[in-house]
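Number of protein chains: 2
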Amino acid sequence: MVVATQSVEQLCINSIRFLAIDAVEKANSGHPGLPMGAAPMAFVLWDRLMRYNPKNPNWLNRDRFVLSAGHGCMLQYALLYLAGYDSVGIEDIKQFRQWDSKTPGHPENHITKGVEVTTGPLGQGVANGVGFAMAEAHMAAKFNKPDSQIIDHYTYVIAGDGCNMEGISGEAASLAGHLGLGKLIVLYDDNSISIEGSTDIAFTEDVNKRFEAYGWHVQHVEQGNGEDNGSLDSIAKAIEAAKAVTDKPSFIKVTTLIGYGSPNKVNTYGVHGAALGTDEVKLTRENLGWNYGEFEVPGDALAHFRKAVDRGAEAEAEWNKTFADYKAKYADSAALLERMVSGELPANWADCLPTYTPEDKAEATRNTSGKILNTIADTLPELIGGSADLAPSNKTALKNTGDFQKGSYGERNLHFGVREHAMGAICNAIALHGSGLIPYGATFLVFTDYMRNAIRLSALAEARVIWVMTHDSIAVGEDGPTHQPVEHVASLRMIPQLQVFRPADGNETSAAYKVAVESKKHPTLIALSRQNLPQLEGSSIEKAEKGGYVLSCGFAPEELDLIFIGTGSELELCVKAADILKAEGKKVRVVSLPCWELFEAQSEEYKESVLPSVAKKRLSVEAGTTFGWQRYTGDNGASVGIDTFGASAPGDVALDKFGFNVDNVVATAKKVIG
Amino acid sequence: MVVATQSVEQLCINSIRFLAIDAVEKANSGHPGLPMGAAPMAFVLWDRLMRYNPKNPNWLNRDRFVLSAGHGCMLQYALLYLAGYDSVGIEDIKQFRQWDSKTPGHPENHITKGVEVTTGPLGQGVANGVGFAMAEAHMAAKFNKPDSQIIDHYTYVIAGDGCNMEGISGEAASLAGHLGLGKLIVLYDDNSISIEGSTDIAFTEDVNKRFEAYGWHVQHVEQGNGEDNGSLDSIAKAIEAAKAVTDKPSFIKVTTLIGYGSPNKVNTYGVHGAALGTDEVKLTRENLGWNYGEFEVPGDALAHFRKAVDRGAEAEAEWNKTFADYKAKYADSAALLERMVSGELPANWADCLPTYTPEDKAEATRNTSGKILNTIADTLPELIGGSADLAPSNKTALKNTGDFQKGSYGERNLHFGVREHAMGAICNAIALHGSGLIPYGATFLVFTDYMRNAIRLSALAEARVIWVMTHDSIAVGEDGPTHQPVEHVASLRMIPQLQVFRPADGNETSAAYKVAVESKKHPTLIALSRQNLPQLEGSSIEKAEKGGYVLSCGFAPEELDLIFIGTGSELELCVKAADILKAEGKKVRVVSLPCWELFEAQSEEYKESVLPSVAKKRLSVEAGTTFGWQRYTGDNGASVGIDTFGASAPGDVALDKFGFNVDNVVATAKKVIG
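Here the protein sequences come in this chain order: H and W.
Under the working numbering, the first sequence has 672 at position 672, and the numbering climbs by one with no breaks.
Positions in the second sequence are counted from 1; adding 674 to them yields the working numbering.
Source of the hints: derived by calculation from the structure; they are not laboratory data.
Incorrect hints may appear among the rest.
Listed next, the in silico EDC-like pairs over lysine to aspartate or glutamate satisfying Cα-Cα at most 20 Å (straight line) [claimed, not checked]:
1. W/K1290 <-> H/D635
2. W/K883 <-> H/E212
3. W/K1080 <-> W/D826
4. W/K1281 <-> W/E1216
5. W/K700 <-> H/D652
6. W/K1261 <-> W/E1232
Work the whole structure out from these sequences, hints included.
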């Protein structure tokens, strides 16, 4: 087809398409198909409906946009460029997918301003959208006044077939329907093509009916391809209709053609994830009547799209006025909001954290954690969270606040249901909403396996989430190996940028939360015991904050016969074994190592003071895999651990049978001492 | 209520309830609520409908039963005992949840005969059910003849609210609907209680409508509680109706009362996961008119239930006759079936595996893997599998067979859709079906994070699954850190009983498949490169099968200046660096360590021959986390690895920037040599 004249809207839509085509072509890598197909709906959304300020990507009340189908990121980069964000210039687009560029292969919020959350792993973005909508609902309920709606924005998600096949999106959608999140709008890019070919080979369910079953408001639009203003209008109308439904999230299935415009590759898998190739790019230019050069955007299109800058500035200015009025009338609320958004914590907030002495009674660290969460919640109104249906076991319920439900979004107890993976992505989005909220999500440690990608993304996306993971070893007992973590603590320690804390007692649990709250760009995972643990002599918040420290010693490094290194529930075993060996005249030290990442970040001098290189005989004791412990125990050391699956039995029996008893620790220590 | 006389069916149902109540009470641990509530439906199923032979739990054509809500395992143990399985006697029930018992806290197939698959982590069982039904459909299509239906069984699943909240069940259900698995019947124990209370707090979707959207046949039954034969009949009728629908899987929502019979705890969270307590047990006995002692089963009930033994023997005898006829008529098919079921592989099957010499051209191990899969598929008709929508990238498509679809269940290319977690549980069930099938499931290595619990369960449940994981390092390149595995290989190595192979070239890839196919009780995960790798001098299937071996040396242990230890794509770097160092007069050895688990299983003597303790200067090179490598590199060694997230850039650039180049390896080696 030859398009003689194109309306400015068509020019904008084709600009998106050809920026994507040219960038993928230059990189010889990427996914042109989605941007080519979804350009019209994205254009309508960004041009006619979405409220955002390109010159201030952090404007609190902006609408949030999530590209759940993150592989189509050239769509998002094109939108950011055309709308006038400073983060993506045309040179950045030319650097698509290159080292150190602002335009990586999937959208990463920590690299590109204007990208709200890191997506790519499919389905995550749908759940992120639910999290943003929950954050908005909560902040609105908390801060809005009858005469002032200072928090009032939508969350838009573009999701693909793959997103809708992934279980995580179903989990999140079920919860969103339950919660009636009226300001969440998901546009489903229904192009019927996935990597193995037509979605007919594996995905023939009635997606709209499924979302109806979840309690969503559901529509279907044939998008058209931007040549027909009628079809753009119908998308806009559908979005308007979605906005008008305020008590249900909205799902709009928009039927599209992947790779629209490419004469030979449209509607095929071939256009999903590879450059079109020189010839086909040329044919596509001809087909769409695109007489512009590589990376060239027609002046009219740019001028039209860039109206977003003025529009955004006006919108924010208006909001600033509203907020100034709000501030005048509701000084306390405004001050709290400003503090939260700034990321500042109240001065001395950490004074609320409990400390313990050996006289205090033994307590499961999950119980201590529950008390601390409640204490923090009273001090920090930004704390919000819950469990994947295990609150009574995880001890995560907050007493002084109610349940976050439809009609009570201002409350802070979240009920995620048995949906760990969605919980993860929702927490990530709450943390990245920009309102200063500090989310926590809880389940049994073993079920981090159900949400591992979301935990990984919390680390990559620099989301301050607190992962509260209880029942942290075979001490779980009777529930048996399906519920007993073995490799989990170690496997989480190796996720970059994730802080993993396995506290041994109350002071260390307080330290874990102090670190978690104060680490603005890191998630922290806290592994907590089911069983009671004594309050240990020598522990403190200050020491534990260093990640590792000498719990007890009294000998010079050169004298040491052995260093015990323990974490969590097994630190007590180290202390007891050390007492026995000391009584026998051995010179031993006990080191607590609750957080490897923090310990590694200390100075060499400090690390040497804790684990002196001259003291080579070392024994680690941890009720988990020994994998990785050689880093600290070295050639002359050993580890008491468990490298098999656990077994169903009472917790103390399981611990004992697998060698977590004083006798075995002492015996192993003697072998190491030699 | 006082029940004056109980029908024998009521007695059976209450026997299930009180076995569960008493066992949980004795253990003071467990989940009585589900067995008390679901006993009627389970009884009807096992007494009136299900075909099984208690005296031969391995009978090929038995119906499969999966308790997806595995925490309710006392239901299953009670059924096994009452039906007359030898694996669970009354003494075993008294040992519920104790060390080394046959009745662990969740059902484990490798411990208790009659349990088909290990469940407990919620939702897995629904997907396992889909896998069993797929295995049945495949075996039926492959072996049945117009005059002889030797494979013809149903798969029944009991699932709870939690199972239906988990994304994995949605993924599997969508696929099952697509495939039209008419012999899969899921009974949904709809008791509206989860751990945090009423499911109303998080789960208010219309589950039946959702399953309709997936393309299932859907019914709803009010179960009643066993006092009313009408309600038992209505369950039976619903199951019969489900069986009559042959082109769709069936979902039967059975509304129940959790903890039925307990006057104070019925329909509460309190009865979900804790013993009732002495007083409440007494009240429950009174309430249900149960005048029998602890663990006592009325003789009438046992006699009635044990008719399952004769019924089962007859059913199997009849089937044996059918099979004898089949064998007479279709000797080849019968021989193949018998071989597959026996677990025997064809003599010399492994001769089909390709071998390589350094003259053969470089190839990505994912491509080699694709060729090997095709070769094996031609040799082993039991191989069946596919990818979670990445077959063109994972290279997993089989050329000489078609797609497994409705109407072509005899084909062997599975299309899982973008549903990694369901794929995992489906593969587990195909492996555990007992028909000798060898399933493989594929995705990008980084997305093992989406299916980690299923991979873990494959190891625990001793399921021979081949996990084909391509794109195994930052060499993935442009897709960036969301798609670049860093910690994954190491984190998988620490899962007990899982064999993780990272082959360096063609011979090692052949070795990985040889090990995978021949390890009848272990899953094997093969991590494969996206990029081309050369065929290395010194590699062989035989050597690689040992997990680790000397690739090149020529020096005595005492002389060695350095040992390089590499895996996968980085073994080539070791070889090149070794050549440079040798040219400079250094005495170096190159060790390949493709599978740590297999290497650790070798004799101490062999391990010493590969990594002599006298040679302490060692350098590992692997494009993944250094976590765990200290085990082999020791106090005097070092590791070239990556402990941060990767970055979007062409693969060779990313590798180079992160130090995976010959210069850096040589420089680091020299530092180690000192």
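Hint check:
Only pairs whose Cα atoms come within 20 Å are accepted, and W/K1290 paired with H/D635 is accepted, the gap being roughly 10 Å. Between W/K883 and H/E212, the direct Cα distance comes to roughly 8 Å. Compliance with the 20 Å bound is thereby established for this hinted pair. A C-alpha spacing of about 16 Å is found between W/K1080 and W/D826, which places the hinted pair at or below 20 Å, so the restraint holds. The suggested pairing of W/K1281 with W/E1216 holds, with an alpha-carbon distance near 15 Å, which does not exceed 20 Å.
Only pairs whose Cα atoms come within 20 Å are accepted, and W/K700 paired with H/D652 is accepted, the gap being roughly 17 Å. Taken as a hint, the W/K1261 and W/E1232 pair is honoured in the structure, with Cα atoms around 10 Å apart against an allowance of 20 Å.
When held up to the earlier numbered hints, the structure conflicts with none and fits them all.
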